[in-house]
Each structure stands twice: as structure tokens, then as C-alpha cells.
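Participant: Here are the chains, one letter per residue:
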Amino acid sequence: MSSLQFDIAHLLAGSLVLASFMMLYQDRLYALLNVYALHAGVLALSVAWQAYVQQAPHLYVTALIALVFKAVIIPVALHRIIKRLGIHREIENVIGVGLTMMAGIGLVALSMVVMLRVTPGADALAREDLAFALSVVLLGLLIMVTRRNAVSQVVGFMSLENGLVLAATGAKGMPLVVEISVAFSVLIAFIVIGIFLFRIRERFDSVDVQALDRFRGERR
Amino acid sequence: MIAVALWSVAVLLALAPAGIALSMRPRGSVVLYGACLVVTATLCVTALLHLLDPAHPVLSATLPVGLPWLGAHFRLDALSAFFLVVINLGGLAASLFALGYGRHEDSPGRVLPFYPAYLAAMNVVVLANDAFSFLVAWEFMSLTSWAMVVSHHREAENVRAGYVYLLMASFGTLALLLAFGLLASSAGYDFDAIRASHPSAALASMVAILALVGAGSKAGLVPLHAWLPLAHPAAPSHVSGLMSGVMTKVAVYGFVRIVFDLLPEPVWWWSIVVLLVGGPTATLGVLYALMQRDIKRVLAYSTIENIGIIFTGLGLALAFKAQGLDWVAALAFTAALLHVFNHALFKSLLFFGAGAVLEATGVRDMEKLGGLIHRMPKTAFAVLVGCVAISALPPFNGFVSEWLTFQAILLSPQLPSWGLKLIIPAVGGLLALAAALAAACFVKLYGISFLGRPRSDVAASAHETDRFSIAAMLALAALCLLAGVLPGLFIDALAPVSKTMVGNIMPHQAGLQWLTIVPIAESRSSYNGLLVFLFAAFCGTAAASAIHRLASDRLRRAPAWDCGYPDANPAIQYSASSFSQPIRRVFGSVIFAAREIGEMPEPLAAAPAKLTVAMRDLIWDALYAPIATVIGFVTERINLLQFLTIRSYLTLVFAALIVLLLVVAL
Amino acid sequence: MNIDALGAILLIPAISAALLAILPGYMLTAKLNVVAALATFLTSLSLFVIEPHSGQYLLLDDLNKVFIVLTTFIGFTTSVFSASYIHHEIETGRLTPAFLRFYHAMYQMLMLAMNLALIANNIGLMWVAVEVATLTTVLMVGIYRTHEALEAAWKYFILGSVGIALALFGTILVYMAARPVVGEGMDGMVWTVLVRHAAQFDPALLNVAFVFLLLGYGTKVGLAPLHAWLPDAHAEGPTPISAVLSGLLLNVALYALLRFKMMLAVNSAAITPGPLMVTMGLISVIFAALMLYRRRDIKRMFAYSSIEHMGIIVFAFGMGGPLANFAGLLHMTMHSLTKSAIFFAVGHIAQVKGTQKIAEIGGLTATNPALGWGLMLGVIAIVGLPPLGIFMSEFLVVSSTFARAPWLTVILVLGIIIALGGLFLRIGPVMFGDPKGKTAPAEASYVPMFTHLALVLMAGIYLPPVLVSGFQNVAKLLG
Amino acid sequence: MTAFRDILSQGVQMGLVLLLAPLLTGFVRKVKARLLRRRGPPLLQPYRDLIRLMRKDVVLADNASWLFRVIPYLMFAGTWVAASLVPTFGNGLLFSWTADLIAIIALLGSARFFQALAGMDVGTAFGGIGSSREVMIASLAEPAMLITVFSVAMIAGSTQLSYVAEFMGSDAVGLRVSLGMAFVALTIVALAENARIPVDNPATHLELTMVHEAMVLEYSGRHLALIDLSSQLKLLLYVSLIACVFLPWGTATADASVARLVSGALLYFGKLAVLGFLLAVFETSIAKMRVFRIPEFLGVALMLALLATLLRFVSGSL
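Protein chains in written order, with our numbering: chain A, 127 to 346; chain B, 12 to 677; chain C, 466 to 944; chain D, 4 to 321.
It should be emphasised that the hints constitute simulated quantities derived from the structure, not laboratory data. Positions of the beta carbon are idealized from the N, C-alpha and C atoms, including for glycine. It cannot be assumed that every hint is accurate.
Under 7 angstroms between C-beta atoms, here's a sample of chain B residues computed to sit facing chain A [unchecked claim]:
(1) 565
(2) 661
(3) 662
(4) 665
(5) 672
(6) 676
The following residues of chain A were derived to be distant from chain C, with all beta-carbon distances above 12 angstroms [claimed, not checked]:
(7) 131
(8) 163
(9) 164
(10) 167
(11) 175
(12) 183
(13) 190
(14) 199
(15) 224
(16) 231
(17) 237
(18) 241
(19) 242
From just these sequences and the hints, can you work out the full model?
Facilitator: As C-alpha cells, this is what we get:
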């Protein structure tokens with residue numbers, strides 16, 4: 127591929143990482159959702175670009191899914207849930223933003239180190255893409271573990287999954303990408319529905335020990 | 012011949028499921044124990060014939076079970092033949108005893124299925140010729156006996172005893188498993204291959220230590236004995252007899268098989284370890300026994316003592332063998348094996364007696380017994396024989412084996428090593444102390460529970476037990492006497508064993524005049540149980556007849572004189588605790604941290620004076636309690652992980668990921 | 466493609482799942498469920514007779530043959546157990562027929578997913594299958610709709626999804642590693658192709674890939690510290706599902722892990738996965754063993770024991786060598802049979818006593834001898850006492866590794882003995898002592914439980930040669 | 004002919020110890036009395052006591068068992084056999100190899116075992132006191148005795164008394180520290196075993212410190228006579244044991260001429276007299292101990308014996 131195509135792909139992947147950082151920075155739910163929509167949009171762009179570069183039309187499907195499902199439907203649905211649960215003015219970082227950012231930078235560095243050990247035999251694009259994808263994945267995990275709130279954890283998980291899709295599409299000629307992205311969308315749909323159905327409010331995971339005693343017959 | 016043995020084992024195994032069905036039937040126990048009686052008799056005779064076969068053939072067989080590519084190997088040589096005799100003699104007696112005793116079992120369904128399986132397991136242990144079959148049988152033996160230990164599961168302490176027992180048993184098995192793992196690294200699991208291999212001295216030493224731990228924990232060596240006095244009394248009495256009299260011997264077999272047979276020439280310091288464990292075990296065991304009130308627990312602790320004596324003999328054998336003095340090693344080894352045999356006899360006898368008492372009175376606490384010699388004379392007589400025998404008093408068998416051990420100790424100046432020079436006399440002293448204390452212990456056991464006046468109504472209304480039980484006990488008593496007056500025959504029977512294990516034998520005994528036994532040379536020492544017995548019998552009867560004829564044979568009954576204090580109340584008699592009080596004051600204050608707290612009420616106060624004795628098992632406090640505390644603490648802390656939030660669990664995953672990535676990256 | 470046995474193994478559950486979803490009446494559905502499971506089992510047995518060719522999607526070799534048979538067999542016995550279990554649940558009204566339709570459909574879905582994961586020749590397909598299995602089990606764990614059931618399901622869902630995601634990333638990395646060698650397209654994911662060329666793959670990529678796969682599928686295996694979902698999922702779901710989870714799903718995840726380990730074993734330059742697996746295995750063993758001591762809920766206790774045994778198995782494979790690998794495979798098989806038998810017993814006990822709290826159950830051997838002694842036998846087997854199968858595998862693991870790595874093996878042995886202590890400490894009062902709780906006679910089907918136990922007992926004494934040869938071949942492949 | 008002679012000499016020895024035992028006791032009593040400026044009972048008084056007791060009826064406690072009536076004969080038999088196996092005037096008699104020193108001690112142990120049982124049979128408080136203290140003392144005295152035997156046996160290279168005596172008689176011995184210690188230990192043990200002062204008081208009655216008397220409190224008539232006789236035999240046994248191990252001179256061998264045998268016998272009487280006199284002097288010069296001082300007293304013996312053995316190990320010459 128020409129260097130231009132390479133640079134564009136590179137740019138898009140990088141901006142995805144950037145978007146992850148922005149999500150990491152947000153501590154308001156609505157803002158987080160908006161940034162996530164942006165994140166998904168960037169992903170859609172980069173996937174589409176890969177489809178174009180690799181002449182792999184089926185990737186356009188993936189791009190479409192990313193655009194419609196992740197960038198539009200999910201954020202909207204979550205918006206409603208948040209309104210319904212009335213948790214929109216949550217400030218719910220576990221550790222300070224500054225520390226989180228430092229950790230995020232550390233993770234990016236780590237993923238670079240890990241990936242750049244890979245022999246250049248695999249073409250450069252793959253390496254760069256993988257490096258970015260890995261950092262997106264790690265940042266997603268970081269979001270999950272630094273947020274108390276169920277919704278924001280789900281958002282973190284979805285950004286993680288975006289990283290996966292990035293990697294999958296970046297892997298030239300990888301089969302089953304569409305299937306996998308669909309499967310993942312189903313997974314996410316389940317999660318969202320789960321939140322919605324089971325009314326999993328904020329701090330669904332803050333396990334109350336008394337409740338445990340009563341419910342699980344476990345005593346500490 | 013080995014086919015016969017294996018078939019009999021198969022029959023025993025087949026009897027186990029039959030036991031489930033039989034336990035539903037009214038007289039099912041009789042059928043089952045009768046069958047066990049027949050099978051064990053067959054096995055006993057088979058093994059005896061093999062042991063006495065002048066050719067001493069080594070038979071082996073392989074079955075297509077066990078480890079798939081290896082199969083189950085079995086081997087019948089002199090050593091296993093001897094232990095087969097011990098096991099099945101015990102099983103024979105126990106089954107005979109149980110013919111009567113088993114009828115009183117209130118939950119037969121918890122004993123009958125396991126009893127034959129237990130016998131089978133013990134037989135397989137001594138027959139097995141590869142590590143897997145050996146360990147399977149070994150642990151199966153523990154498992155089946157555990158099931159019978161918890162058979163009376165309504166008493167909480169029995170369940171606890173079973174718990175401790177199973178834990179310690181598995182610990183021992185795992186130790187043996189590690190030992191075999193070391194051996195297998197070079198030679199695989201087949202014992203023949205292991206014999207052929209030449210492991211390095213370091214590896215052999217490690218194996219020997221592991222074997223001592225593994226077999227010792229099953230045999231009840233201090234400090235791994237804690238389970239024994241809990242578990243043995245908890246089982247039904249005929250099973251207790253088997254566990255104490257026979258199963259501990261199977262443990263001894265395991266040690267002998269690994270250290271004397273599978274391993275190459277011993278390293279000299281192994282013997283030091285064994286002796287340093289064996290001597291104290293003997294003394295401590297009998298001291299514990301002296302402090303007990305529960306009659307079956309006394310017997311269990313005295314088992315520990317005898318195991319200590321046996322291991323001392325084995326340690327001596329190791330020491331002499333390592334120095335190439337195999338003719339002395341043969342002496343020590345024979346002494347140990349003879350004691351194995353003798354202890355199997357009288358310990359089974361005593362446990363049967365305890366069972367008869369338990370069945371007649373329903374109590375195991377000596378403080379509630381007394382005067383049983385009047386109510387159950389036959390049992391009392393048999394138990395008396397057992398007590399004399401286990402106290403190592405001539406002309407009974409216990410004395411012979413201890414005497415031989417002493418003879419071996421007296422030869423220790425031959426050893427070059429200084430450590431042994433200094434340790435062996437000390438160990439001899441410990442053995443002497445143990446022997447004397449054992450006598451004291453059994454004077455107490457017999458005097459308190461069988462002599463004197465009944466201390467409770469149940470004791471006063473006791474009745475003689477059934478004829479099967481009595482037959483079993485009297486037969487064992489007769490064997491004790493026989494082995495005591497004609498030890499030469501038994502020593503000669505052991506010759507092939509010591510020949511194969513330590514490479515030499517004691518001088519041939521049967522040829523000597525008057526059936527004397529001479530360990531080395533007549534100029535050193537000799538003992539003739541037969542003559543001692545005859546002389547004593549002659550002197551006694553002569554004196555009796557002479558006095559009765561020449562002087563007077565008149566006899567009047569009258570109230571006890573007792574220095575003119577006629578006391579109606581049997582409570583004034585000495586009790587078990589008060590009997591051992593002097594010895595407790597001599598030894599106990601150190602070993603049990605025994606403290607006597609006396610409360611004397613004010614003058615003219617109506618309150619009774621009280622004397623309470625507080626004793627602590629220092630070994631338990633030092634070894635077992637800490638482990639329990641640590642486990643409790645750690646589990647308490649680590650249990651918090653059950654209650655974390657999902658986010659914290661995710662954090663764990665995340666951390667694991669980061670760590671692994673770093674590992675790969677750097 | 467023409468339907469051979471492999472296809473059938475997938476089709477039967479698929480069709481029956483569809484049927485069960487629409488058919489009413491739990492009696493009928495339960496029977497149909499059993500029949501379908503039996504049919505699948507018989508089909509899988511036929512694999513030994515006529516070996517269908519492995520295609521680009523489906524694969525049959527020594528490794529998965531045994532697992533398929535095991536899975537379908539336990540699937541069958543569990544369906545039998547589940548029939549009587551569900552019957553009781555309906556009577557007590559814990560479940561409504563509406564849910565049952567869903568339940569049975571999901572059950573067959575789960576079977577389908579697991580069979581697919583086992584016979585998939587494509588790492589992508591395998592991943593999808595595992596994900597589906599996860600989703601179905603999540604739904605079944607939450608089926609009681611109680612607060613704690615939902616919470617367990619949710620915990621399982623979140624942790625499982627993260628694990629799945631990590632596994633996917635690992636899969637992608639494997640493809641990336643393969644692409645330069647085997648070229649683009651489907652081949653890059655066909656396992657047989659991969660393992661053939663794995664020698665030339667880029668080791669660095671493989672290493673990273675294995676880290677992700679280990680964590681991803683390790684989460685499903687339930688290795689500490691990734692285990693958190695496992696105990697609650699076992700404790701709160703319906704007991705048949707606990708049995709399937711412990712008996713089968715963990716195995717499936719482990720099977721996936723083994724596939725990738727074999728791939729790494731081929732590539733000499735890549736890190737040896739051994740140390741990582743050994744470490745995680747030992748952590749799991751010790752951790753789970755210690756967790757046993759404070760358990761109050763009987764199902765959760767056995768869930769932790771599953772973690773411990775997975776640790777032992779992973780340790781064995783991590784140590785490698787023909788004996789240890791053989792022992793690992795044997796241990797997987799034995800653990801599946803035993804643990805599912807235990808859960809059968811526990812399920813009935815919980816129904817009889819109306820509680821899962823250990824403190825409220827007592828003297829079982831006196832009140833319900835068959836159940837009590839059945840569970841006792843299961844526990845004896847699971848702690849590795851002879852003459853049952855797990856003793857053989859533990860014997861082989863310990864004795865074959867001790868000379869190589871004394872300290873690690875000593876740690877393992879410590880774990881085993883601690884676990885034994887914990888289990889018997891807890892189970893003693895349940896079995897013995899004065900009876901506690903309701904003493905109603907159990908209307909239970911003992912056949913599945915005692916069938917499993919009989920098999921375990923037989924395996925402890927005699928292993929059929931066909932099994933042995935199969936295991937030995939696989940053990941060689943595993944390196 | 005020789006067989007007859009052997010049997011005769013053996014028989015003579017058995018009779019001899021039986022006859023001498025009361026005399027020795029009487030002698031010791033007499034000497035003690037004289038030392039206390041009393042006239043004391045005549046030498047033959049023990050014989051008269053025995054005969055009188057044998058003539059009397061036996062008064063048996065109501066709940067005494069058959070064991071209680073058998074025990075006196077058992078004790079007597081055991082002690083007599085033991086006593087007749089210790090060389091007196093001659094070594095290597097016909098049956099001398101029947102039992103070595105360890106076995107002889109064990110025989111005495113059996114006698115004590117039964118005596119302790121007898122103390123508990125009737126079920127009185129005094130009997131219990133006696134038995135429990137007896138076994139406490141024995142549990143210390145027996146090991147001490149055995150270890151003493153070890154040291155002696157290791158020096159003499161045999162536990163067979165005849166050989167020990169011969170070896171001790173030979174010049175190979177010389178003067179050894181370990182032997183001295185063994186001698187002291189053996190003396191202490193002998194005092195304890197024979198219930199002499201300072202461990203127990205043979206003359207006492209109705210005293211809470213008594214041990215031996217308390218056990219036999221319920222005995223009367225011929226039973227009591229046998230028990231007394233066997234304790235006298237025991238005293239004789241220990242004295243002649245000390246004599247044959249530590250003063251082995253002049254003991255004849257079995258096949259020696261009659262003259263040598265007679266001279267050996269005379270010499271033996273001399274030894275008995277000397278040792279008996281020493282015993283009397285010792286007993287008059289010290290006082291009875293409290294019961295719980297006895298362990299310390301016996302502990303000394305134990306330590307000495309062990310030390311002797313260890314010395315023997317460390318260097319063959321000491």
C-alpha cells in the first residue's frame with residue numbers, strides 16, 4: 127500500500143487511542159457517552175478505510191455496524207437508562223483523573239514495548255495497528271476498573287471491544303471478522319438489556335455484606 | 012501359593028458388598044465374620060507354609076489392573092509371608108472374637124461392609140510389588156479403617172477422631188508417594204526395577220527419611236502419633252485390636268520394605284535418626300498411657316510404646332548393617348520382627364478384653380470399673396496373661412523380644428561411630444525405663460478395672476462375655492505363653508526374613524539343648540523360657556503341696572482388715588488417677604506440665620475439698636495447635652476474597668494481564 | 466456438506482433446541498431433552514467405529530475424541546438427573562413451566578456450543594462457540610430470578626465477557642502470527658494448518674498471543690485470580706447447570722487452552738508456556754484449598770474444589786512430560802465424572818433438606834443412606850483417595866514431577882492435603898452426627914450419580930486400553 | 004555320674020539359698036539390734052516366725068479373688084528360681100545358663116508385678132498406697148538396675164552370671180572407675196528393691212510412708228509366710244549378686260573338687276556375713292526418707308549407672 131494510505135490508517139488508529147484517553151478523562155456520564163459515540167465513529171471510519179485499502183467489501187458491514195449500532199443506538203439507549211435511573215450527575219472515578227492518565231500513558235507505553243518486539247516480518251501496518259489496538263484494549267480495561275458505575279463500566283467494555291475490532295480489521299484478510307463483530311454486538315446488546323431489565327442501578331457491584339449473609343449463606 | 016493368597020484377597024473384597032446385604036439380616040454378622048474367619052485362616056496357613064518352606068521360593072504374579080502400562084505386580088517372599096502370618100493371625104482372632112462380639116453392634120451397616128475390605132487391603136499392602144498397588148492398598152487400608160472409626164458417629168469425638176486420623180493418614184501416604192516419586196525418577200514404579208537400580212546416597216537418604224515420616228505417621232511414632240490414641244479406641248473393639256495389633260505392623264512392614272529392601276546399603280546416620288525417634292517414642296508412649304483413665308486409650312498409647320521398641324530394634328539393625336556387622340544386625344532385626352509378632356498377639360488380646368468389658372459394662376472409664384475378676388473370671392484370666400506378656404515379664408513372649416533387643420544393645424561397643432556409641436546406651440536406658448513403666452501401667456490397668464471392689468453399679472452387675480470371644484482371647488493367651496517358652500522355634504522361622512533383609516541370620520536355635528535361645532554365643536548370654544517356666548511351676552506347686560500337707564490348708568473368710576479401718580464405700584479405694592499420682596509427680600511435671608490444684612474449704616464450711624489435675628499434651632501444643640491456628644488465621648484472611656466487588660475482581664484480572672505482559676515484554 | 470457423525474453431533478442439539486423452544490409441557494420436553502442427549506451420546510460413540518474425515522471447519526483427533534464422548538455422556542446423564550430435579554422444582558414452584566421451555570432449549574444450546582467448541586478446527590469458530598456457551602450458561606444461572614442469582618449471573622457475565630474479549634485478541638494475534646507464513650484467508654485460522662506451520666511463526670507474537678489466550682480461556686477455566694465468577698455461578702444456578710459447568714464447561718475452556726499450548730510446543734523459539742501455567746495452577750490449588758475452610762454453602766464449597774482441581778490439571782500440563790500430561794488428561798476426565806456426580810447428590814440433598822447451608826444439614830448417612838453414602842463416596846473420590854480414579858492421576862502427577870521440581874510438587878502436595886482437610890472438616894457434620902433438618906425420603910434418580918461413581922471406581926482400578934492409547938498419543942502431542 | 008553330680012550341686016544350691024535366706028535376715032536384725040545396744044531377737048527367730056505363720060489359718064478378706072490366693076506361690080516360685088540362678092559357692096552349675104542376669108531381674112519383676120496386683124485385689128486404701136508407690140519405685144529402680152547390668156556386661160562381655168563372675172575373678176579386670184560406679188548404683192538399687200532404709204522400713208507397720216508392708220497388709224498365715232520368705236530370698240539374692248560380681252574371689256567352678264566347693268561355700272558365708280554387717284551398719288546410721296525424696300535417691304543410681312556405661316563406651320580401659 128502507498129505511504130499515504132498507511133499514514134491515514136495510522137492516523138485513524140492513533141485518534142482512536144486519543145479518544146480512549148478522552149474517555150478516561152471524562153467523569154460525567156453524559157460526557158462519557160458522547161465521547162464513546164465519537165470513539166465508535168472513529169472506529170467506523172478506520173474500519174471503512176481498511177475496507178477500502180484491503181478491497182475487502184465485507185468490512186464495510188462491520189463499519190456500518192460500528193456506525194449505526196455503536197455510535198448511535200447504544201449511546202442513545204444508555205442516555206435513556208441513565209435518565210431513567212437518575213444517575214446522570216454521578217462523579218464516580220475511583221482514583222483521581224491525573225493518576226488515571228498516568229496509568230493510561232504507562233499502558234500505552236507497555237503495549238508499544240510489547241508489540242514492537244515483534245519482528246518486522248509482519249508488515250508495519252499490522253504492527254502499528256496492533257500496538258494501537260492493544261493500547262485501546264488496555265485503556266478500556268483501565269476505564270472498567272477505575273469506574274464505580276455500571277454504565278460507565280459497560281462503556282469501558284465497549285471501548286475495549288472497539289479495540290478488538292480495530293485489531294481484527296487491521297489484520298489483513300482475517301476471516302470471520304464480520305461474524306465476530308456481530309457476535310460482539312449481540313454480547314453488548316445483552317449487557318445493555320441486562321442493565322435495563324434488571325434495573326442494575328449504580329453500584330450494582332458494591333456487595334453489601336449483610337445482604338450476602340442473608341442471601342448466600344456465607345459469613346465472614 | 013501366591014494364587015491362593017490373591018484368590019483369598021479377592022474373596023475378602025467380594026465379601027465387602029455382601030456385607031451391605033448381610034447388615035440388613037439379623038444374623039448376618041455371624042455369616043460375614045465366619046466367612047472372614049475361614050479366609051484369614053486359609054491365608055494364614057498359606058503364608059506359614061511359605062515361610063517354613065526350606066527352599067524359600069520367591070513367587071510373583073502380575074494382574075492386568077492398576078497402572079495400565081505396568082499392571083499390578085504381586086510378590087510373596089519371606090518378609091511378606093511373615094507379615095501375612097501376623098496380619099491373618101490377627102484377622103483370624105478378630106473374626107473369631109467378632110463372631111460373638113459383632114452381634115452386639117448396634118449399627119452393623121457401618122462395620123460389616125468395611126471389615127473384610129480392611130483385611131483385604133492390609134493383605135494387599137504386603138503382597139504388592141509396585142509402588143501404585145502398594146499405595147492404593149495402603150491408603151485404602153486407612154480409608155476402610157476410618158469408616159469403622161466413625162461407625163459410632165453419634166459421638167462427636169469419634170467423628171473428630173476420624174477427621175484427625177484421615178488427615179494424618181493422607182499426610183503419611185503423600186510422604187510415601189514423594190518417596191516413590193524419587194525412586195521412580197530413575198527406575199519407574201516396579202519394585203524389582205527399583206531394587207535393581209542404584210540411587211545416589213543423597214537420594215536414598217531422602218527416600219529413607221520420607222519413608223520414616225510416611226510409615227512412622229501410620230505406625231504412630233512420636234511426634235506423628237497424635238491421631239492414634241484418638242482413632243484406635245473409637246472403632247469397635249475387634250477393629251481396634253486389628254488397628255493397634257496389626258495395622259501398625261503393616262506400617263512397620265512399609266518401612267522395612269523400603270529401607271531394608273528397596274534401598275541400597277544404608278548410610279550410617281539413618282540409624283541415628285531412627286533411634287532418636289524410636290527410644291523417646293517408647294518412653295513417651297507408656298508415660299502417656301499411664302496418665303489415661305480410658306481403658307482403650309491406655310492400650311492405644313501402649314501401642315505407641317511398643318512401636319517405639321520395634322523401631323529401636325530396626326534402628327539398631329540399620330546401624331549394625333551400615334557398619335557391616337550383619338550378624339548383629341540379624342539379631343536386632345529378628346528382635347524387632349519377633350516383637351512385631353508378639354505385640355500383635357497380646358495387643359489384640361488386650362483390646363478384645365477391653366471390648367468384652369465394654370460390652371459387659373458399657374463404660375471404658377476405669378474409674379467406674381473394678382472387681383470384674385469376680386464377675387468375668389475367664390476374661391480376667393486372659394487379660395491377666397496379656398498384661399504380664401506386654402509388661403515384658405518372663406516366661407511370656409514380650410520378654411523374649413525385649414531381651415533380644417537388649418542383647419543387641421549390649422553389642423554396640425563394636426560400632427566405630429561415636430554418635431552411635433553415645434546414643435545407643437541412652438536409648439537402652441530409655442527402653443529399660445519404658446519396660447518398667449509398662450509394668451506399672453498394666454498393674455494399674457488390671458488392678459483398677461479387674462481387681463478391688465466395683466466402683467459403679469454397671470461394674471457390679473457385669474456378666475461374663477460370650478464363648479466365641481472367650482475362645483479368641485484364650486487362644487491368644489495360649490500363643491503368648493507358647494511364644495514365651497519356645498522362642499527358639501519362632502526365631503528360626505524368622506531366619507529367612509533376616510537373611511533376605513540384612514543378609515545374615517541368628518544362630519540356629521532349635522538344635523540347642525533344652526531349646527535354649529542363644530543370640531550369639533553361650534558365653535555371652537542365653538535364656539531358656541521353657542526351663543524357667545518349668546522351674547517356676549515346680550517350685551510353686553512343690554511349695555503349695557508341701558505347705559498344705561505338712562502345715563495347714565485351713566482358710567477363713569472375714570471382712571478386710573485394712574489396719575482396722577473397715578470402709579464400706581468403694582470410693583475409698585485407689586482410683587486410676589490416684590494410682591498414677593506418684594509417677595505423675597516424678598515425670599509428669601516436666602512432660603505434661605502437670606499441675607495439681609487443691610481447693611481446701613474453710614474450716615466448718617460444708618463445701619467438699621477438691622483436687623484437680625491439669626495436664627497438657629506438650630507435643631500437641633507445640634506441633635499441631637500452631638498449624639491449626641495458622642490455617643485458621645490464613646483462611647480467615649483469605650476468605651475476604653469471597654466478598655469483593657466485581658470491580659475489584661476485574662482489577663485482579665487486569666493486574667494479572669499487566670504482570671504477564673511485563674513478563675513477556677521484559 | 467454431507468452429514469457425517471461430526472455434523473450430527475452438532476445438528477441433533479440444534480434441532481432439539483429449536484423444538485424444545487416451541488414445545489409446551491415440561492414432562493414431554495424433559496423426556497425429549499433426555500432423548501436428544503442420548504442420541505448425541507450414541508452418535509459420539511460411533512466416532513470410535515467410523516472415523517469421519519476432518520474438514521476445514523470440523524476436526525476429529527485423539528485429543529477431542531475423548532472429550533466429545535465425555536461431554537455428550539455427561540450431558541446425557543445430567544439431562545436424566547435434570548429431569549427428576551426439575552420435576553421437584555416445578556412441584557415446589559421455584560420454577561414455572563414457561564421458564565422450563567427456555568431452560569431446556571438453553572440446555573441443548575449449551576450442548577451444541579460445547580460440542581462445536583470441541584470439534585471446531587478453526588480457532589475463530591472455537592472462540593464463537595465458547596462465547597455462545599458462556600451466554601447460555603449466564604442465562605441459566607440467572608434463571609431463578611432471585612437477587613443473588615441475578616447478581617451471580619451478572620458477575621459471571623461481566624467477567625466472562627472480559628475473558629472472551631481477551632481470548633479474541635489472542636486469537637487475532639495468532640492469526641497475525643500465522644499470516645506471513647500460511648498466507649491470508651481462512652487457512653490462517655485452521656488449527657491443523659496452524660500447528661503444522663507453527664514452527665516458523667513469529668515467537669514474540671505467539672508469546673503475547675498466549676498471554677491473552679491464557680487469561681481469556683483461563684477465566685473460563687476458573688484459575689485464580691480469574692476465578693471470581695465461578696463459585697457464585699455454581700452456587701446460585703440450578704444444580705444441573707452447576708454439574709455441567711464443573712463437569713464440562715471448564716474442560717472445554719481448558720481444551721481450548723491445550724490446543725494453543727500444543728501450538729506453542731511446536732515453536733521452539735517461543736516461551737515455554739509451562740512456567741506460567743504451573744504458577745497459575747499452584748496459585749489456584751492453594752487458594753481454593755484455603756477457601757474451602759470457611760464455606761457455609763455446600764454448592765459453593767464444591768465449586769471451590771473445582772477450582773482446586775483445575776489448578777492441579779493445569780499444573781500437570783504445565784509440567785509436561787508424557788506421564789504428567791497423561792495424568793492431566795486422566796484427571797480432567799475423572800474430575801468431570803466425579804464432580805458432576807457430587808452435584809447430582811448435592812442437588813437432591815438440597816431439595817430434600819430445603820437448604821444449601823451446611824450448618825442446617827446433618828447426619829445424612831443416617832437419614833438418607835443412599836444419598837449420604839453416594840456423596841461420601843464422591844467426596845472420597847474428589848479428595849483423591851483410592852481406589853478411585855483421581856488417586857491414580859494425582860499419584861502420577863506427584864510422583865512424576867517430584868524428582869524434577871521438588872519444591873513446586875511439595876507446594877502441590879500441601880495444597881492437596883489442605884484441601885482434603887477443608888473438605889472433610891465441612892462434610893463431616895453433614896454426613897455424621899445427629900440428623901438435622903427435614904428428613905423426608907428423597908424421590909431421586911440415583912442412576913446417574915452411581916453410574917458416574919462406578920465409572921470412577923473402575924478407572925481407579927482398571928483403565929480400558931483404548932482410553933490409555935488415546936491419552937498416550939495426546940500426551941506425546943502436548944510435549 | 005557327672006550328670007548326677009551336676010544335678011546334685013544344682014539342687015544343693017537351691018536348698019542352700021532357701022535355708023540361708025531367713026538366717027541372713029535374722030543376722031542383719033541381730034546386728035542392728037546390737038548396734039542399737041539392744042539384745043535383739045535370736046538369730047533363728049525368722050525360722051520360728053515362718054513356721055508359726057505356716058501353721059496358722061489363713062484369714063481371707065471377703066472379696067479377695069482367686070488371684071489373691073495364688074499370688075504368694077507365684078511370688079515365691081519366681082523369687083526362688085531367680086535366687087537359685089545366682090552363683091553362690093560355685094559357678095557354671097547345671098542350669099546356670101537357664102537365665103542370664105537380665106532374665107533374673109525380669110523374674111524378680113514378675114514377682115513384684117504380682118505383689119502389686121495383690122495389694123489392689125482386696126480393694127483397700129492401704130493396698131493401693133503400697134502398690135502405687137511400689138511401682139513408682141520400681142519404675143526407677145529397674146532401669147537403674149538394667150543399666151548397671153549393661154555396664155557390667157560390657158566389661159565382662161557377657162550377661163551370663165557365671166561368666167561374669169569368672170571374668171571378674173580373673174586378673175583381666177583391674178581397678179575400673181565404671182565398676183566402682185556400678186557398685187554404688189547396684190547397692191542403692193538393692194536397698195530400694197529390698198525395701199530397706201532409707202527407701203522403706205522393713206520393721207515398720209501402720210505408717211503412711213510404708214510401701215512393702217502396705218501391699219501385704221491383707222495377707223495372713225501361710226500366704227504371709229511365703230511372702231516373707233520370698234522377700235528374704237530376694238535380700239539374699241541381691242547380697243550374693245553383689246558378692247559374685249564385686250567379690251568374686253574363691254568361687255569354685257561346677258566341676259571342681261568337693262573340697263574346693265566346700266571352701267567356696269565357706270568363703271561365700273563369709274561374704275554374706277560381711278555384706279550383711281555393712282548393711283546393718285548403713286541402716287542404723289541413716290534415717291528413712293520421705294517418699295518423694297526416693298526418686299532423687301534412685302535418680303542418683305540411674306545417673307551413676309548411665310555414667311558407668313558411657314565411660315565404658317568412651318574408653319575400654321575405664
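Participant: To test your reading of the hints: which numbers does this structure violate?
Facilitator: 1, 17, 18 and 19
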